[in-house]
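Protein chains: 2
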Amino acid sequence: MKAPSGHWHQQSLQFKYTQALRVRPGSRAAHSANGPENCFIIAESKSPILCARDLSVNPHISFEDCPPLDYLLVPGGRGTRKEVYNEALTGFVRRQAEHCQALLSVCTGSFILHAAGQLSGKKATTHWASLERLRALGDVEVIEERFVEDGSIWTSAGISAGIDLMLAFIAHTFGEQIAGDVQFSSEYFPATTRYGRVEQHPDAPTYLRRSRLHCRNH
Amino acid sequence: MKAPSGHWHQQSLQFKYTQALRVRPGSRAAHSANGPENCFIIAESKSPILCARDLSVNPHISFEDCPPLDYLLVPGGRGTRKEVYNEALTGFVRRQAEHCQALLSVCTGSFILHAAGQLSGKKATTHWASLERLRALGDVEVIEERFVEDGSIWTSAGISAGIDLMLAFIAHTFGEQIAGDVQFSSEYFPATTRYGRVEQHPDAPTYLRRSRLHCRNH
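Chains A and B supply the protein sequences, listed in that same order.
Counting in this note's numbering, the first sequence runs from 1 upward without gaps.
Counting in this note's numbering, the second sequence runs from 219 upward without gaps.
There may be inaccurate statements among the hints.
Pair ranges (Cβ atoms, derived) [claimed, not checked]:
| hint | chain 1 | residue 1 | chain 2 | residue 2 | range |
| --- | --- | --- | --- | --- | --- |
| 1 | B | PRO285 | A | GLY151 | 49 to 55 Å |
| 2 | B | LYS264 | A | GLY138 | 44 to 50 Å |
| 3 | B | THR424 | A | ARG78 | 39 to 45 Å |
| 4 | B | ARG313 | A | ASP150 | 50 to 56 Å |
| 5 | A | GLY151 | B | SER338 | 53 to 59 Å |
| 6 | A | GLU98 | B | THR411 | 30 to 36 Å |
| 7 | B | LYS264 | A | SER45 | 20 to 26 Å |
| 8 | A | ALA136 | B | ASP368 | 48 to 54 Å |
| 9 | A | ARG135 | B | HIS419 | 41 to 47 Å |
Covered stretches of chain B (in silico footprint by chain A; criterion: 3 or more residues with CB under 8 Å from a CB of chain A, positions within the stretch not fixed) [as the list claims (entries may be wrong)]:
| hint | segment |
| --- | --- |
| 10 | 274-284 |
| 11 | 386-399 |
In case anyone wonders, no lab produced these hints; they're calculated from the structure.
Owing to the predicted nature of the structure, the values given are computational and were not obtained by experimental measurement.
Where is the CB? At the ideal position from N, CA and C, for every residue including glycine.
Excised from the complex, chain A in its bound form:
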């Protein structure tokens, strides 16, 4: 992915951090965004973030020092179960939401958006293993798709669905041509291979059960 490149890391990143893309609206910056001037990783502090699989990432900026953002992406991971109670994080998301043109989340990042008061009354999704938990919040219309757009709120299913979300978001925001450029440069034309019969898993999300009709394995 060329634009919010950190999307590739969403699974790995545990919490105390969010990620943002700041671009001039309508510019091609979303395509060529490179470096903290336009696209950066934000965390509670600037200390290294220890992520899932022991990946260690260095944030560019702290919540406190972060300027107003145009777009804010909130990643998911196990850490979200605890971080929904972290007022430093949810407060940051809430404050940024006041002027962000869009808020996005990947995987269980949707629970952070909810804790920041941004998901009530909205359509949204999350990782398949957390769909029931999202439903149990009581005020979110849970949609079992790869990603869901509801106005300025974009949420995705688990981990890799963040790539689909982001291409759709880029197409919506900056046009099909730029989305096509990002998709081609990152060579995101995945194989349709399915290992095992996951669509028969009792927790398989709706889009997965249905998608057997769309694609055949090769």
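Knowing the structure of chain A, use the given hints to seat chain B on it.
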């Protein structure tokens, strides 16, 4: 991806580093590998690695201190054009190759494998924009697929193709069930949406031109 999770970062990571997975053969460790005990990022030194899009990652271990590996994944990126001349890197890959059960590369990482003497006479692939360069090396049989296996050498097309490569590698090495678990937990059942008509691009790789027949957009 659960196993070599860093795969999600391959595009972003510029060079002076490789990534490795070290597991007990035949164990379920490939599935549950978590942390430097089993899966780590290796670099020329332990200093932070500044990657594409300004992502900064902290390696777990230096080339010098790295133990013998079972599997070694070499990522790609623009840095490879310079790093093929970095004897510290190519020497490390060459030494590890003596006992690794498999060598893998993503994107233009295949040029590092070649520079380390591991690709001559082999079938391999790379990012679509570098296929001609790979062909020009003269001693590699270039295959335009998402990924290519030739004995213990696995190479992938650009960036995101590393995910397809890794699932296939896990299925091959640890069985379909574990590959299925990884695929399901990472929810890697991508949308088949194509933005633009990239299959008509003059440089579109063979698998991309052909795959129109397999899937329809939704």
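Hints and how they fare:
1. Separation of PRO285/B from GLY151/A is about 52 Å and conforms to the stated range, judged on CB atoms against 49 to 55 Å.
2. Checked against the hint of 44 to 50 Å, the C-beta distance between LYS264/B and GLY138/A comes to roughly 48 Å, which is consistent with it.
3. Between THR424/B and ARG78/A the C-beta distance comes to about 40 Å, which sits within the given range of 39 to 45 Å.
4. The hint said 50 to 56 Å for the Cβ distance between ARG313/B and ASP150/A, and at roughly 53 Å that hint holds.
5. For the pair GLY151/A and SER338/B, the beta carbons lie near 55 Å from each other, so the given range of 53 to 59 Å is met.
6. For the pair GLU98/A and THR411/B, the beta carbons lie near 32 Å from each other, so the given range of 30 to 36 Å is met.
7. Take LYS264/B and SER45/A: their Cβ atoms lie about 21 Å apart, and the range 20 to 26 Å holds.
8. Range check, ALA136/A to ASP368/B: about 49 Å between beta-carbon atoms, so the 48 to 54 Å window is met.
9. Between ARG135/A and HIS419/B, the C-beta spacing of about 42 Å keeps the proposed range 41 to 47 Å intact.
10. Given a C-beta distance limit of less than 8 Å, the hint that chain A covers the segment 274-284 of chain B holds, as 4 residues qualify and 3 suffice.
11. Residues of the segment 386-399 of chain B with a Cβ under 8 Å from some Cβ of chain A number 7, which satisfies the need for three, so the listed coverage holds.
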